[in-house]
Amino acid sequence: MADKHVSERLIALLSGRGEDLGAEWAEKVTGSLGGRVARAEVERELREIYAALVAALSDGSVDGYDEAFGEVRALLTELSRNRALQGFTPTETAVSVFALKQVLEPSLVGEDSDADAYLRFAALLDTLGLFTIEVYSRTREELIAAQAEQLLELSTPVVKLWEGVIGVPLVGTLDSARTMVVMEKMLQALIDTGSEQAIIDITGVPTVDTEVAQHLLKTVVAARLMGAECTISGIRPQIAQTIVALGIDFGDIVTKSTLADALRHALRRSGTTVSRTAPQAGAR
Amino acid sequence: MTERVPILRIRQVLLVSIQTDLDDQDVLLLQDDLAQAVVDSGAHGVVIDITAVEIVDSFVGRMLATIASLSRLLDAQTVLVGMRPAVAITLVELGLSLGGVRTALTLDKGLRMLEDDRVERGSEGTAPDAVAHA
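Here the protein sequences line up with chains A and B, keeping their order. In short: position in the first sequence from 1, add 485, done, that's this note's numbering. In short: position in the second sequence from 1, add 38, done, that's this note's numbering.
Chain A extracted, bound-state conformation:
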């Protein structure tokens, strides 16, 4: 059993100078992280991994995806997850694993069996290193997805402009997912506030293409189905040019160039009149 022999030799190497190797490893890793993580913290993490690694090797396996390495993988998952969240690069994360190779090198005595053992160990560490990077990128992706969701929530407020008039200022690009959120929020707000007028302000939407126009139309039709009227405001000159050039037809939907115009229109439709009087002195 070559595996058996290799893992025995590795255990002998690793546990022979266990304390020294662990300390040296922690030293190297701390150096590579540029002091952004406390030495004690790194040492604690690595000591756990080190212990789990030796335990897995004593099961006679040198395959990183083996069941015996479950504990090691769990610890590495935690480590790279933390590194990803703290904003370290993938290299800085993976080096934690690869540094062990360099640490082990000096203790080899140059026998053939040692060379064999070292190569197997290097392969094992490569596997674990790749695993670390995989976890790292997965964590990052989760982080991005969560942020995108938060951004979606943040970027679609529904505000009450007047009694019976709500406004939806849109900022940023409109896609299907976002339109859905906007539509749901706006329709719910219509019911909650009992408003019959809604104004969608697209001043902050950088471009309007056929897709965006389609989304806007859907929202307006849905509001109409519920018995509310929807006005689109904030159409800038360039956007008006684009809309005409693309041949988009907004049908009988009322569009206004500014939010103020749209508000005046909505107020008139709901039968509210606003009149100008002499300026009032500052209230006390």
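A portion of the hints provided could be inaccurate.
For the chain B half of the interface with chain A, some residues (derived, Cβ under 7 Å), not all of them [as the list claims (entries may be wrong)]:
1) Pro123
2) Ala126
3) Ile127
4) Thr128
5) Leu129
6) Val130
7) Leu132
8) Ser135
9) Ala142
10) Leu143
Keeping only pairs whose Cα atoms sit at most 25 Å apart, straight-line, the calculated BS3-like set for lysine-lysine is [unchecked claim]:
11) Lys741/A <-> Lys670/A
12) Lys703/A <-> Lys645/A
13) Lys645/A <-> Lys741/A
14) Lys586/A <-> Lys645/A
15) Lys703/A <-> Lys147/B
16) Lys147/B <-> Lys670/A
17) Lys147/B <-> Lys645/A
18) Lys670/A <-> Lys586/A
19) Lys645/A <-> Lys670/A
Which stretches of chain A does chain B cover? Using the computed rule of at least three CB atoms under 8 Å from a CB of chain B, they are [said to hold, decoys possible]:
20) 667–676
21) 699–707
Don't read these hints as lab results, they were simulated from the structure. The C-beta atom is built at its ideal place from N, Cα and C for all residues, glycine as well.
Dock chain B against chain A, hints included.
Relative to the frame of chain A, chain B by itself:
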């Protein structure tokens, strides 16, 4: 087992309050009943309240449009009230915009809409006279 949807009369308006999700058979029955009721009562308006309806399909959506044009033919204005956001989104996704149907947020607003409408139509009726006198 089909259950008939009650059609209530409040002065000159018929109120149809749909309380359950309808199947195709119920829908056809309602259509017949309502047409009959409009003729019998001579109502000038029909209010369909769908506050309690949570699920619609294309058939129900088309039924609503059919009822509206049916009532209009019998000289009664139809107002659809209390549609839920989820239902509105579903209808839009189905491509049904219910072009000829008037809608209102609540039953109260729907009734007021019919009332305003009648007043307007009443004044329209007198308009030609006024022109003639002038």
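Evaluation of the provided hints:
{"no.": "1", "hint": "Pro123", "verdict": "3 Å, holds"}
{"no.": "2", "hint": "Ala126", "verdict": "4 Å, holds"}
{"no.": "3", "hint": "Ile127", "verdict": "6 Å, holds"}
{"no.": "4", "hint": "Thr128", "verdict": "9 Å, violated"}
{"no.": "5", "hint": "Leu129", "verdict": "6 Å, holds"}
{"no.": "6", "hint": "Val130", "verdict": "5 Å, holds"}
{"no.": "7", "hint": "Leu132", "verdict": "11 Å, violated"}
{"no.": "8", "hint": "Ser135", "verdict": "5 Å, holds"}
{"no.": "9", "hint": "Ala142", "verdict": "4 Å, holds"}
{"no.": "10", "hint": "Leu143", "verdict": "4 Å, holds"}
{"no.": "11", "hint": "Lys741/A <-> Lys670/A", "verdict": "22 Å, holds"}
{"no.": "12", "hint": "Lys703/A <-> Lys645/A", "verdict": "22 Å, holds"}
{"no.": "13", "hint": "Lys645/A <-> Lys741/A", "verdict": "18 Å, holds"}
{"no.": "14", "hint": "Lys586/A <-> Lys645/A", "verdict": "63 Å, violated"}
{"no.": "15", "hint": "Lys703/A <-> Lys147/B", "verdict": "24 Å, holds"}
{"no.": "16", "hint": "Lys147/B <-> Lys670/A", "verdict": "22 Å, holds"}
{"no.": "17", "hint": "Lys147/B <-> Lys645/A", "verdict": "20 Å, holds"}
{"no.": "18", "hint": "Lys670/A <-> Lys586/A", "verdict": "55 Å, violated"}
{"no.": "19", "hint": "Lys645/A <-> Lys670/A", "verdict": "13 Å, holds"}
{"no.": "20", "hint": "667–676", "verdict": "holds (count 6)"}
{"no.": "21", "hint": "699–707", "verdict": "holds (count 3)"}
Hint check: violations occur at hints 4, 7, 14, 18; the rest are consistent with the structure.
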